[in-house]
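J.: Read off the chains here:
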Amino acid sequence: MRRREFLQTSGALVVGFGAAALGRPVAAALGQGPFDTRNSGIDPRQLESWLKIGSDGAVTVYTGKCELGQGMQTAQAQLVAEELTVPVSRITIVQCDTQLTPDQGTTSGSQSTPTNFNERNLAQAAATAREALLTLASRRLGVPADRLAVADGVVRVKDAPAKTVTYGELVAGQQLRMTLSPTAKRKPMREWTVLGKPLPRVDMVAMATGTFEFVHNVKRPGMLHGAVVRPPAVGATLVGVDESSVRSMPGFVKVVVRKNFVGVVCEKPWQAIQSARALKATWTAGEALPPHDAFYDFMKKQPSRDVLVVNSRDIDRTLASAASVVKASYRYPYQMHGSMGSSCAVAEVKDGKATVWSPTQSAYPTRNGVAMVLGLKPEDVHVIFVRGAGCYGLNNADAVSYDAALMAQAVGRPVRVQLSRQDEMAWENYGFAYVIDQRAGVDAKGNIVAWDCESWSVSKGGRPGYNQPGNVVTGMLAGFPPATMTARDAVEPTGELRNGSNAVPSYVAGCVGATCGAAGTIRSERVLTHTIASPFFTGPLRSPSRIQNTFAHESFLDEIAAHVKADPVEYRLRHLSDARLREVVQAAAKAANWQPRPSPNTGAPRSGGNAAMAGRGMACVAYEGDNGYVAMVAEVAVDTSSGRITVKRLVVAQDCGPISNPDGLKNQVEGGALQGLSRTLGEEVTWDDRKVTSIDWRTYHSLPLGFDVPVIETVLVNREGVEATGAGETAITVVGAAVANAVFDATAVRLREVPFTPERVRAALTARSTNDQRAGA
Amino acid sequence: MASITVRVNGAPHTVDADPSTPLLHILSDDLGLRGPKFGCGLGQCGACAVIVNGRAVRSCVTPVSTIGAADVTTLEGLGTPERPHPIQQAFVDEQAAQCGFCLNGVIVTAKAYLDQNPRATDADVRQALAGVLCRCFTNVRMLHAIKRYREKHA
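The listed protein sequences correspond, in order, to chains Z and H.
Going by the working numbering, the first residue of the first sequence is number 1, and it counts up by one from there.
Going by the working numbering, the first residue of the second sequence is number 1, and it counts up by one from there.
Chain Z on its own, in the form it takes in the complex (with noise of 0.2 Å):
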């Protein structure tokens, strides 16, 4: 797996201070660096790319993973504290600021624990950094170093406890300069006293008093107010816009028109708002959108770039000769990321140098962005990183950095762009919607020995990365082409298995050649998928593609196990041989006081009325084949005449290896369950024949605070001698097939469409009755 791979550096540890000559590489020009870094202007390589001490004992820590909302900046802050073996109280982080951090690409993928927290990367400057202090000190203090205990940053001589050294004191106001070791060692999680422990969150009090600066709160002297104006239509483009219908309008400063992008610059908020809505801008009449209630026909129908992710060859062979076969089709709508604030920025360009306030994931992506959108050089831009609304993947945060940019350029005085509710909602990346298709050989004794699996789904822009700033809205509004699907064939696979989709159900063996990489024991095996053009933009949702694959998979799993009349928990362990995803599953039934049987459960009131139905149900992911594991168990209650779902109870067992922070992990579990619940029973993009019609909250369906809550149950395994994994996207990803296996097993009715309202619910429960009464006349 490339991003396990060390990547080896100098490796020379030399102690030593101050001068560059002392050796120091110069950074080379941008490329790939250790541990999915890059060489920035700062280098990942060094030291004090990642770490200062003063010399009262400070200590700054640079990162390019930022906060956003997930806890990673307590976390990071406890990694340091820890490694370096200090308080936290005297750690600052500085995050994800293109002047001062090392280029981390991207916050996102479950990858900032992976990435800081296992020997690499910000981990590994904290060991260097105290081995080297150690040196120092054992220098300093006459005594071999295995004789020395550090506490609080100060370096005691263990059987002489009155001769000491601060760190403080032995870097004397330089800065250590050597390479990060890649030999320095973590500290074995059994000696950890600050991992490990449930800090409270470092932003905590200031979230709570209304203190704590969001990039909506940024304030520059001289700052006016944007405001957009986006197209009426998907693919409209600009006639021409009327000046003299806004030039009259108080605070009115400019119109911004850059090919299709418009922007309306004012001197206040509420006035840049109000010449945005009065902007007379005419477009052309844009593409017509094909059908939103035939979409999902309609996706199997384009041409398609087609993977083939596993392929053992004989699938058709399997299927022919099984003792019987199950099929089932199932669907997932494009999401939204929806945040809570909708995106803001704010810029400032003077004398060709631009800054950006941005609430990105991608300080350095951005800052190249913002320098292709505005014609400047990369290194003429800077993009400070300032928290935003959770934004759960990549929402407007980029466009909106970019819409801010573009209006500053044209003003030449900073400008704050917050977007109105439509535009953040109308115009995002949204999640892929999906249709897969499933088909699985049973043999005489019930178990599963084929399992083919074919999926659709839809991709048009996503992450800008460094060079596509048309990957999202502004971008391509401001002439630069998002990336677009090409057709393509699919070719037999080869290297070894990819399945950080989650395009392979954990059930097979997931053989790439000889080697065999998923987590089951079924050899029979295909998975092939297609992408087609979306009309929409699409990119990252959390856990993009892995929430909509491990619905089809662990819903079909349960329709096979139905099929044959197995405990789901039974089937599922009879077919997985991963230890680890084995154990949440025994770990997540064990806690739900699990009682073997199959589902649907016939000892469950059948008869019409009100009466409320109950039901179980399990499902487990190893997310992106090795990044964190999960099981859940959901316990769910279905009104059978309004067709509503209550979920009454969540039980989660979770292993991402090592545990950094409880508390915060049991937060982002907690988060996820319920946010999966809003996907799984609500959320869906919805449109009509030429635009987005989901533009606010009473058309696109979250849940609300207020909800009939479940009791969500957590049950962590806490695992040493293996890496950390990701944890934020592990518990939304199963949500889904659990509640939909849970329903079945109330109601006997499968539901094999996100999202389950109380309509479909209904419409599915009357066509189950309807057939049953003809399956008795």
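There could be a bad hint or two in this list.
[Unchecked claim] Dumping the calculated EDC-like pairs for lysine to aspartate or glutamate here, alpha-carbon to alpha-carbon at most 20 Å: (1) H:Lys147 to H:Asp124; (2) H:Lys147 to Z:Glu713; (3) Z:Lys219 to H:Glu76; (4) Z:Lys648 to H:Asp124; (5) Z:Lys219 to H:Asp16.
Rather than coming from a laboratory, the hints here were simulated on the basis of the structure.
Go by the hints and put chain H onto chain Z.
T.: The following block gives chain H in isolation, referenced to the frame of chain Z:
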């Protein structure tokens, strides 16, 4: 534009603004307050909530001219980092936040409701929060924090 005086957290502030300007923009832009936030601008999510005459009001859809002489209390008017209000402390104790952007709406709405309805049941509280969003879905901890406050202080 007109000269408008609003009382916020006990002190009068005079600003030059269009009387139709939503109160939120006066608070966050003119006065530089960080508590009330623009979430939707449509009164649908609660992020902009402030307390006026004891009730939670959606400041993003409330023209400043309608406030009159009433005192507006914002999240920062409840307590400070050094001396947080008991409901703020309850949220800290429960670690009831992720990104924190919704926190203003949740705390302000719950406080105003519980002050008016100190004997509210859990179901009442949930009903009162039916129009408030947290997109990180920190619901469990937030409801615990509100309960903690209600049991000790309301």
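J.: Work down the list of hints and note, for each, if the structure agrees.
T.: Okay, the hints, checked on the actual structure:
{"no.": "1", "hint": "H:Lys147 to H:Asp124", "result": "holds (11 Å)"}
{"no.": "2", "hint": "H:Lys147 to Z:Glu713", "result": "holds (19 Å)"}
{"no.": "3", "hint": "Z:Lys219 to H:Glu76", "result": "holds (18 Å)"}
{"no.": "4", "hint": "Z:Lys648 to H:Asp124", "result": "holds (18 Å)"}
{"no.": "5", "hint": "Z:Lys219 to H:Asp16", "result": "holds (18 Å)"}
No hint from the list above goes unmet by this structure.
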